[in-house]
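Produce the complete structure using the sequences and hints provided.
Protein chains: 2
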Amino acid sequence: MSQSVLTIDGLQYSNWSRAIFEEMREGGVDAVHATLVYHENCRETLLRFGEWQRRFEEHADLIMPVYHPDDIERARETNRVGIFFGAQNCSPIEDDVDLVAIMRRLGLMIMQLTYNNQSLLACGCYESEDSGVTRFGKQVIREMNRVGMLIDMSHSSERSTLDAIELSERPVIISHANPASFHAAKRNKSDKVLRAIAESGGILGFSVYPFHLKNGPDCTLDEFCGMVADTAELMGIDHIGMGTDLCQGQPESVLTWMRNGRWTKAMDYGEGSQSNAGWPSPLAWFSDNRHFGNIAEGLRQRGFNQEEVEKIMGRNWLRQLTEGTQPQPGAVF
Amino acid sequence: MSQSVLTIDGLQYSNWSRAIFEEMREGGVDAVHATLVYHENCRETLLRFGEWQRRFEEHADLIMPVYHPDDIERARETNRVGIFFGAQNCSPIEDDVDLVAIMRRLGLMIMQLTYNNQSLLACGCYESEDSGVTRFGKQVIREMNRVGMLIDMSHSSERSTLDAIELSERPVIISHANPASFHAAKRNKSDKVLRAIAESGGILGFSVYPFHLKNGPDCTLDEFCGMVADTAELMGIDHIGMGTDLCQGQPESVLTWMRNGRWTKAMDYGEGSQSNAGWPSPLAWFSDNRHFGNIAEGLRQRGFNQEEVEKIMGRNWLRQLTEGTQPQPGAVF
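Sequence lines, in order, name chains R and X.
Counting from 1, one number per residue, gives the positions in the first sequence under our numbering.
Counting from 1, one number per residue, gives the positions in the second sequence under our numbering.
Quick caveat, the hints were computed from the structure, so don't treat them as lab data.
Computed from a prediction, not measured in an experiment: that's the story for all the values here.
Check before you lean on any hint, since a few could be wrong.
A pair counts as met if it fits within one copy or between any two copies, since identical chains are not told apart.
Here are the simulated DMTMM-like pairs of lysine to aspartate or glutamate, each with C-alpha atoms no more than 25 angstroms apart in a straight line [unchecked claim]:
no., residue 1, residue 2
1, Lys138, Glu57
2, Lys265, Asp191
3, Lys192, Glu73
4, Lys138, Glu51
5, Lys138, Glu58
6, Lys138, Glu94
7, Lys265, Glu94
In structure tokens:
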């Protein structure tokens, strides 16, 4: 296989298996932001780390942990997929600001302040009232800045996201979502938010989850690449990347867990509905990890030059991780 | 202050404070094995790590974490005390073998398989029956070998200790105890155990806790150094070091916690008794961290040459940590 462009996916929660890791290599994926947890508390988060440790042992020929951004280059050189970790919620730190540094030491590079609902830190995108970043949230943002943990507002609401950008001394990211101007959805982001993310030095990872796309599963590659081009205009070519939100091979029970956790007895359908409760149908041009080449080719067709394609497919994520996960100068922990 | 011999203390659980860190520097202590936990479960262990993170921030001019043995040299060069962590019990890993690697990643370099009582792994030195290393214990020893976490049998019973040495592919240590031939006590070790520790490549750290010494608080420096000389004969000069068991400034409530944890309603007096329940009176020649020079001088008086004194005061511990905390070749986690 000839060396493809550096490819970093800004979010997946696939049903990790040897088959999927092999498909990732086939698709030229050099590194992926793997969601470690949705609703897991501190102790449960360590169970998830434990499961990954076993995967790293068992599939050492295919994957390796990324505990430092340089490890991505090492993964690429050895034809493996680098796995870097993020949490889609702040549940791992419970009510304890000291757990930010502990989770960072364990390799948690990214954490969302909220997942759809109000959290102890901020407001999620499904709440009706958004009171912004909380007292605890301000402390946690400061600590995330200190230790070098990227603040991810993918599932957060508008005001909380703008608050976080204002409060943070370092870039804020949206690892997986699309512009609301392309497709109006609670999970997609306003131009105001996207501009502020770019100004903070952050990144938007484009989602190919059909609920985030115009025409859902029927969205064409050309429409997707058009959205990328428009967003490049809005945010600048250095502030966009991929964040597929691919949940390859997951059973519906996982979707139910993501949406309901332990917080509700009444079924919550998230972006779906009672009559459309399951996983959406996949896109024709991106249904699994082997299809990243389609996107790169689509971007070329759309008129992006080679350097721009490389930035979108992986270089911007690499820069973001390199800059964003260094502890602040003099930070001790 | 002129550069004193490299001084590494193989165990303390002092009531950590700026005053104590200053005394450590005054006493020429370059690094200390700090007990992180006695009975704390996984989540509680993270609280203790969190407290240390705050100490590292607050007293960055006096202390620094030792996450790799090389950090000890860095601590010495910058006139700070390097802190390396150990657990006096296996409570941090609960019933989960994966937590061994997670705790190692967080900087736990040393773990005792038991603390006085039967644990899930092995038998403690205060039990009446010793059935040796358990099924879970065998798995944990293998995992500790893999990730490079030193197996410490200080509070374990005879058979369990010999079992662990037999099962482990890497050195087994006793971080803090004395030979039973010097002073018969349940916590002190038989010549058979000490010989096996040395043959495994491990170390004995000499305790100055009065309950471990002949004549208790009245033990003289000369008697102590005589014990060191006899043990050097028994184990070899490369397999002995310091492990003071200093609990400087601790209130009696901490002693009660160490002895009773949550496991008994009836008061357990450990090495003491109802009529002698508290901390023992300190030694005249070693009552706090400023007195390591007395021991080095006592050893010289006893006839140890400079190289031997340096080995006992710190060089042997440095070698043990350097060799013992490297993951096995090819180990991934």
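Hint by hint, here is what the structure shows:
1. In this assembly of identical chains, Lys138 and Glu57 lie within 25 angstroms of each other by CA distance solely across copies; the values are 19 angstroms between and 38 angstroms within a copy.
2. For the homomeric pair Lys265 and Asp191, neither the shortest alpha-carbon distance inside one copy (35 angstroms) nor that between copies (63 angstroms) is at most 25 angstroms.
3. Within a single copy, Lys192 and Glu73 get their C-alpha atoms no closer than 34 angstroms, and across copies no closer than 51 angstroms, so neither meets the 25 angstroms cut-off.
4. When the C-alpha separation of Lys138 and Glu51 is checked against a cutoff of 25 angstroms, the pair qualifies only between copies, where the shortest distance is 20 angstroms, while the shortest distance within a copy is 32 angstroms.
5. Taking CA atoms no more than 25 angstroms apart as the test, Lys138 paired with Glu58 passes between copies only; the shortest distance there is 20 angstroms, against 40 angstroms inside one copy.
6. Taking the closest pair of Cα atoms, Lys138 and Glu94 come within 25 angstroms of each other only inside a single copy of the chain (15 angstroms); across copies the shortest separation is 33 angstroms, beyond that limit.
7. For the homomeric pair Lys265 and Glu94, the shortest alpha-carbon distance inside one copy (22 angstroms) is at most 25 angstroms, but the shortest distance between copies (31 angstroms) is not.
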